[in-house]
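Top line first, the protein sequences correspond to chains G and Y.
If you count the first sequence from 1, position 275 lands on 275 in my numbering, and the numbers rise without skipping.
Count along the second sequence from 1, then add 359; that gives the number in my numbering.
Honestly, I wouldn't trust all of these hints.
[What the hints assert, rightly or not] Here are the simulated lysine-lysine pairs, DSBU-like style, with alpha carbons at most 35 Å apart:
{"id": "1", "chain 1": "G", "residue 1": "115", "chain 2": "G", "residue 2": "178"}
{"id": "2", "chain 1": "G", "residue 1": "101", "chain 2": "Y", "residue 2": "572"}
{"id": "3", "chain 1": "G", "residue 1": "113", "chain 2": "Y", "residue 2": "572"}
{"id": "4", "chain 1": "G", "residue 1": "167", "chain 2": "Y", "residue 2": "572"}
{"id": "5", "chain 1": "G", "residue 1": "115", "chain 2": "Y", "residue 2": "463"}
{"id": "6", "chain 1": "G", "residue 1": "101", "chain 2": "G", "residue 2": "178"}
{"id": "7", "chain 1": "G", "residue 1": "94", "chain 2": "G", "residue 2": "178"}
{"id": "8", "chain 1": "G", "residue 1": "178", "chain 2": "Y", "residue 2": "572"}
{"id": "9", "chain 1": "G", "residue 1": "107", "chain 2": "Y", "residue 2": "446"}
{"id": "10", "chain 1": "G", "residue 1": "115", "chain 2": "G", "residue 2": "133"}
The hints are simulated quantities; they were obtained by calculation from the structure and are not laboratory data.
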Amino acid sequence: MGEVLLEDLTKDFGEVIAVKEVNLTIHDGEFVVLLGPSGCGKTTTLRMIAGLEEITSGRILLDERVLNDVHPRDRDIAMVFQNYALYPHMSVYKNMAFGLKMRKVAKDEIDRKVKSAAGILGIETLLGRYPGKLSGGQRQRVTLGRAIVRDPRVFLFDEPLSNLDAKLRVQTRVELLKLHQHLAATSIYVTHDQVEAMTMGDRIVVMHEGVIQQVGPPMEVYQNPANQFVAGFIGSPAMNFLSATVRFEAGRTFLEGAGFRIPLPTERAGGLAGREGDEIVFGIRPEDMRLGAEGEIEGAVEIIEPVGSDIFLDLSVGGASLTARVESSVRMSQGERVRLHADPARVHAFDPETGVTLV
Amino acid sequence: MGREIGAGRTSPSMVRRSASLLRRWGAGGGKSSLHSHLRWAGFFFVLPALIHLVIFKFYPMLQAFRLSFFRYDLMSPPVFTGLENYKLLWENPLFHQSFWVSVKYMFGVSIPEWFFALGLALLLNRRMPGRAVIRLAYFFPIAMSQIVVAMVWKFMYHPFGLVNTILETFGIGRINWLSMEESALPALIAIGIWRGIPLFGVIYLAGLQAIPKEYHEAAIIDGAGVFQRFFYVTIPLLLPTIMFVMVLSLLSAVKVFLNPLVMTEGGPNGTTRVLPYFIYETGFAFFRMGEAAAASMVLFVFLFGLTLIQLRLLRRGGVE
Chain G
1 MGEVLLEDLT
11 KDFGEVIAVK
21 EVNLTIHDGE
31 FVVLLGPSGC
41 GKTTTLRMIA
51 GLEEITSGRI
61 LLDERVLNDV
71 HPRDRDIAMV
81 FQNYALYPHM
91 SVYKNMAFGL
101 KMRKVAKDEI
111 DRKVKSAAGI
121 LGIETLLGRY
131 PGKLSGGQRQ
141 RVTLGRAIVR
151 DPRVFLFDEP
161 LSNLDAKLRV
171 QTRVELLKLH
181 QHLAATSIYV
191 THDQVEAMTM
201 GDRIVVMHEG
211 VIQQVGPPME
221 VYQNPANQFV
231 AGFIGSPAMN
241 FLSATVRFEA
251 GRTFLEGAGF
261 RIPLPTERAG
271 GLAGREGDEI
281 VFGIRPEDMR
291 LGAEGEIEGA
301 VEIIEPVGSD
311 IFLDLSVGGA
321 SLTARVESSV
331 RMSQGERVRL
341 HADPARVHAF
351 DPETGVTLV
Chain Y
360 MGREIGAGRT
370 SPSMVRRSAS
380 LLRRWGAGGG
390 KSSLHSHLRW
400 AGFFFVLPAL
410 IHLVIFKFYP
420 MLQAFRLSFF
430 RYDLMSPPVF
440 TGLENYKLLW
450 ENPLFHQSFW
460 VSVKYMFGVS
470 IPEWFFALGL
480 ALLLNRRMPG
490 RAVIRLAYFF
500 PIAMSQIVVA
510 MVWKFMYHPF
520 GLVNTILETF
530 GIGRINWLSM
540 EESALPALIA
550 IGIWRGIPLF
560 GVIYLAGLQA
570 IPKEYHEAAI
580 IDGAGVFQRF
590 FYVTIPLLLP
600 TIMFVMVLSL
610 LSAVKVFLNP
620 LVMTEGGPNG
630 TTRVLPYFIY
640 ETGFAFFRMG
650 EAAAASMVLF
660 VFLFGLTLIQ
670 LRLLRRGGVE
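Chain G with its partners taken away, still in its complex shape:
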């Protein structure tokens, strides 16, 4: 078992509130990613679960046992650090064995566990080496090995891939997921990289300024963001935001602004009821538009960015900037005026004051 429950978890550093009333249930065996920009409180939350940071208020429970006053070593939790934190003066074997040695596990047992973990990670040949002689990827595996040997109920990962180069990061990401499937242990993973979050998490927890913005499976968070922050944070290139006014005409709802007039399907316009004439924020992802002579959005091409599989067009729409993703076969020239059709099912609208999703 390994169900983690966070109840009204709060942490302040004097005046600064790092984590504010976080409530979250992480189910046994689940891979949950805490995602957010720097300073959003994700690492502080993780460190509180690990016991490295004192809790200001609230509770942390692991399988119904309150952990607030439990020493980190007694929490049955292992942590993988961003900078590996491998003891440089110990060999790989000793690094992996250290946690067991501190827990006074018998030598034979330590040996068996270390070798078994090394086998899982494919680092048997590295056991005699020192961390200084390992590559980034190898160090990462040893760090995982150190966590695995303890056979904990919960794994905590603090941006473990951020020190790896792009290629190795993708590779290690896949290996981590395989490892998770193999171990089936509860994993809480902190990252600011939305691609990591999208590809790895069973569920994503988006945080901002110490507050949870949205919790859900990656595609749900992507397609139905709870607010403008989540919408803007997840997705690359980011969702386009343009100022618009709500118009009702002949029983239909339109989002109208400089250079565009988007009709909304009746079934999606419920959130805008009674907002005739209100200013809102219209949001659309770059891939949710397509070129077409009848398009509702009109703009001038400013920059053309071919990325191989697609082309990103940076347009000026009524003076505002908008990015659209089009097929790589499309031929465009700078300054050309184009029209884009927005997929009505993918149009978003947000309250400009609160950022809450209206559509």
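Starting from the known structure of chain G, fit chain Y onto it as the hints suggest.
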């Protein structure tokens, strides 16, 4: 995005500029012209320090080495005597006494310094109110002039000085610290320790603060207690600093001169006549410059040996 475009435009031109600069240098003087330019520039930066070293350190050292083979009393011209000065030293019981006084002083000061300085650093490394003020207070003895320290302590060790006054309140009789054979050297050792602890404490503190906190956190999660973290994490990672402090404290202790000069003049009965004081006395009180030079050569070889050991240990203390 505008910034990205801007960066894209300037970056290639910067590369071009650098490349043309390299080409020009290359054209100027063959393949390794740039490297030799840089080498010469580096040499000229080092030159002032090198001139200082040669004139004020190496030249006197060579002169002392040369002088150690001559008999010279500052009045008549030096006379070459070969190894006679070294033979005289070997037969001089005062030299042997001085050598052992120096060894006692060196270890008497250094060993407590290693431990007390580490203790101080561990204490100051903790988060506590007024830490900056406490650090400053402990650093104060280093900022004081050595001669002032010697004078102040001489008064404090006086039979009616502060040390005896304090001891008297505990019912211990007044001791003439600097005039008794048993107490003079320990009294000087105590000053050495008092003055050395803050300096080495600061070095230890820098070493402690250079240990990333992740190691301790990983050890906490691994289940290590305070003492286990100290012995398995702090000490091994502090080893290079520990080695450095050990040898630096030994070297600085063996060179002590001012305190015996000001406070005891090597007495009573030679019990505080450390080697540097012996050299000074032989040369400038007895005008046996050749013998003094020979003694300084012996001290040099001793210090050189210590330094070699330091380098060996430092290399072994290096983690990777």
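query = Straight-line Cα separation of residue 115 of chain G and residue 178 of chain G no greater than 35 Å?
reply = Holds, at roughly 19 Å.
message = Can you confirm whether the C-alpha distance between residue 94 of chain G and residue 178 of chain G stays at or below 35 Å?
response = 25 Å, holds
ask   = Holds or violated: residue 113 of chain G with residue 572 of chain Y, Cα cutoff 35 Å?
value = Distance ~27 Å between residue 113 of chain G and residue 572 of chain Y Cα, so the pair holds.
ask   = Holds or violated: residue 107 of chain G with residue 446 of chain Y, Cα cutoff 35 Å?
value = Roughly 61 Å separates the two Cα atoms, so the pair is violated.
ask   = Are the Cα positions of residue 115 of chain G and residue 463 of chain Y separated by 35 Å at most?
value = 51 Å, violated
task = Take a quick look at whether residue 167 of chain G and residue 572 of chain Y sit within 35 Å of each other, Cα to Cα.
result = 29 Å, holds
ask   = Does residue 115 of chain G pair with residue 133 of chain G here, judged by a C-alpha cut-off of 35 Å?
value = It holds: about 20 Å lies between the C-alpha atoms, which stays within 35 Å.
query = When you check the alpha-carbon spacing of residue 178 of chain G and residue 572 of chain Y, does it fall within 35 Å?
reply = 30 Å, holds
key: 35 Å limit on alpha-carbon distance, applied to hinted pair residue 101 of chain G and residue 572 of chain Y   = Within the cut-off at roughly 21 Å; holds.
query = If you draw a straight line from the CA of residue 101 of chain G to the CA of residue 178 of chain G, is it 35 Å or shorter?
reply = It holds: about 28 Å lies between the C-alpha atoms, which stays within 35 Å.
Hint violations for this structure: numbers 5 and 9, all remaining hints satisfied.
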